[in-house]
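Novice: Position chain B against the provided structure of chain A, taking the given hints into account.
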Amino acid sequence: MSTPAQVWSYRTLIANLAQRDLKARYKKSVLGWVWSLINPAATLGIYTVVFGFFLRAEPPAAGNGDKSFALYLFCGLVVWNLFAGVINTSIASFQTAGPLLTRTYFPPECPMVAGLATVLLQALIEVGILFAVMVLIGNVSWTAVIVVPIFALMSCFAFGIGLVLGLANIRFRDVNYLVGIGLQVLFYATPIVYPLTIVPDEYRRFMELNPVGSFVYAMRQVLYSLDVPTLGNWVVMVLTAAISLVGGWVIFSRWAPTVIEEL
Amino acid sequence: MAAIVVDDVSKSFRLQKDRAHSLKELITRRDRQSGADQFWALRNVSFEIPEGSMFALVGHNGSGKSTLLRCIAGIYRPTSGEVRVSGRISTLLELGAGFHPDLTGRENVYMNATILGMSHRQIDRVFDEIVEFAGIEEFIDSPVKIYSSGMYIRLGFSVAVHVDPEILIVDEVIAVGDAEFQRKCYDHLYALRKKGVTIVVVTHGLDTVETMCDGAAWLDHGELQLVGTGQEVSAAYMRQVNAEERRERDEIAAAAAEEAAAGTDGPASRRMEDVRITDVELLDGEGRPVSAGVHGEPLTIRIGYEAIRPVPSPVFGIALHSASNVHITGTNTRIGGLDTPTIEGRGHVDFVIDELPLTSGDYELTVAISDTYIQHNFDRREREWRLPVRHGGRMEPEGLVDLSGTWHVTAGAARVER
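Chains as they are written, first to last, in this note's numbering: chain A, 1 to 263; chain B, 1001 to 1418.
Please note that a few of the clues may not be correct.
[Stated by the list, open to error] Take a look, some chain A residues computed to stay more than 10 angstroms from chain B by CB distance:
1. ALA15
2. LEU55
3. GLN95
4. PHE106
[To be verified] List time: in silico DSS-like cross-link candidates among lysine-lysine, alpha-carbon distance up to 30 angstroms:
5. LYS1195/B / LYS1145/B
6. LYS1184/B / LYS1195/B
7. LYS27/A / LYS1195/B
8. LYS1145/B / LYS23/A
It should be emphasised that the hints constitute simulated quantities derived from the structure, not laboratory data. From the three backbone atoms N, C-alpha and C, an ideal C-beta is built for every residue, glycine too.
Extracted from the complex, chain A is given alone in its bound form (with noise of 0.2 angstroms):
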């Protein structure tokens, strides 16, 4: 079983991972990493045209007492996208770097962690677009630091389902495309697109069970109402985050040598 310090000892290996997948996702294209930029920025235009022109969602107000519903939108699609691309990457990456494995000797959490460096830039990208907006519109505050923590967490969950789903997915290539469904439903069952007072009150209990929901509510508590999270939301993120990232590794770890041999 690999633990965290022998993967570390390998760190120089990560960089080069995560530098060689950034680096050919943008060979050949003209815009190179600028696509880094103007994916999230379409995404963002097109759900304000969808449900702040056409739906005409009600957001609450901001922190200083404006209302958009194109950043209230986006402060939860910033974490969603940490959490989906985490998994999506971790699936991925395994599968890439499964033949390597079959050659050379290294831990095979490298090219996970890798993987979640990856995603990780994309995200803080994406959070600094964001937060160049509130500072423009004014609407900013010191909260803004907590977004590192529930990053921090977020990946930690994230990252533990990934690698499991991962080693899963070469078993089973199924995996791979349960995981797209998942996401779609999970991506609706969280309040993302639409705030959770919409939401009838009977259902509102279950949604309250989705982890992702805590998530998304403390990123816009923090950037959005400029607010801190609440102490309920903080229980759930650390706990999710902290079952998921041990129960995730030391699955990885036990069962990684085994699948690789089956390759």
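Specialist: Showing chain B alone in chain A's frame:
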């Protein structure tokens, strides 16, 4: 001190057919019996590889060599037993493994070297050496997908040997390169060994095992057959391969004879080669069969053949090895300038030596029959016959071969004054 200790290592794989590949299968299958279809790739293998030696693993395809190599490299975990390794390992199991086609040679070198455990600064130091050894200076900043397979191999090998390993593990990759690069690789491996690097190779080249390896292990169906010096192991392995080939030939011939007796033309006779070697005889100057040659006397090597179909202009060849495995000579009817006719049925070909230039000792004779272009061997019997050579009454030179030159002294060279 042993750099690598393989201690009672066994490794089993579950056969693929025993496994569910989709969730549906997992749920719907009823015959799930785990462990029913196990395949043992290695069984109770134990040996030690001393530090600073070059060690070969030999055996047929599927004998477990590569599995063992992967166990040593840490890629596979033994099912039971243990591999103890002391030193930093660099592996070369597949050349250019981990090269990303879209990235440049430079980027891939850094990538590959970090996989092998080097830091960025260490790579900076040897980067130029790596590129120079691979000989691809002008292409280093091009994406590797435009590389020829030779360039790919050279770069991969170059990275693996420049990462300053203490233990280097090499699968049959070197065989892929051209002759010049192979020599360069072996020279480099030799230099590394001199520096004290332990090298483990999997190879089919018995010459390599004989001449370069300090030790070797022979695996067959996952079981260790023999551990010894390179020469011992390659000789034993060769004997076994010959014996198996002979048995197979005899079986085919027997089956073909049966079919012929039954008047049918079955699969065995179709599998039989057009022509085969029936026997090899040694004859003296008067044409009498002898059991040994005599140094300096005439000797004829008579190769009997049987062609079941007409074969146009086949090439007959012989090769000689000393008992100490030195390849002394090899020649054939093409080199000898003989245009063989189309042959059919039984017959023989003679190789006539006027004065046998071999000094007394034991030699091994290889005989082969191939097509006109020497592309296909109809029959090849590797070191199957012994050619003992006896002392011929006159003084013998040292070594294996009598060059049978004559000495001349130019007058005046020896002026004796007393």
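Novice: Take the hints in turn and mark each one as holding or not.
Specialist: Right, here's what the structure says about each hint:
1. The Cβ of ALA15/A does not lie farther than 10 angstroms from every Cβ of chain B; its closest approach is about 8 angstroms, which violates its non-interface assignment.
2. Its beta-carbon lying about 37 angstroms from the closest one in chain B, LEU55/A satisfies the requirement of being farther than 10 angstroms from that chain.
3. Annotated as non-interface, GLN95/A keeps its C-beta farther than 10 angstroms from every C-beta of chain B; the closest such distance is 15 angstroms.
4. Distance check on PHE106/A: its Cβ comes as close as 6 angstroms (rounded) to a Cβ of chain B, failing to clear the 10 angstroms threshold; non-interface status is violated.
5. Pair hint LYS1195/B plus LYS1145/B does not hold up; C-alpha atoms about 34 angstroms apart against a cutoff of 30 angstroms.
6. Simply put, LYS1184/B and LYS1195/B have alpha-carbon atoms about 17 angstroms apart, close enough for the 30 angstroms limit, and the pair holds.
7. Using a Cα cut-off of 30 angstroms, the hinted pair LYS27/A and LYS1195/B is violated, with the two alpha carbons roughly 41 angstroms apart.
8. The suggested pairing of LYS1145/B with LYS23/A holds, with an alpha-carbon distance near 15 angstroms, which does not exceed 30 angstroms.
Hint compliance for this structure: hints 1, 4, 5 and 7 are broken, all remaining hints hold.
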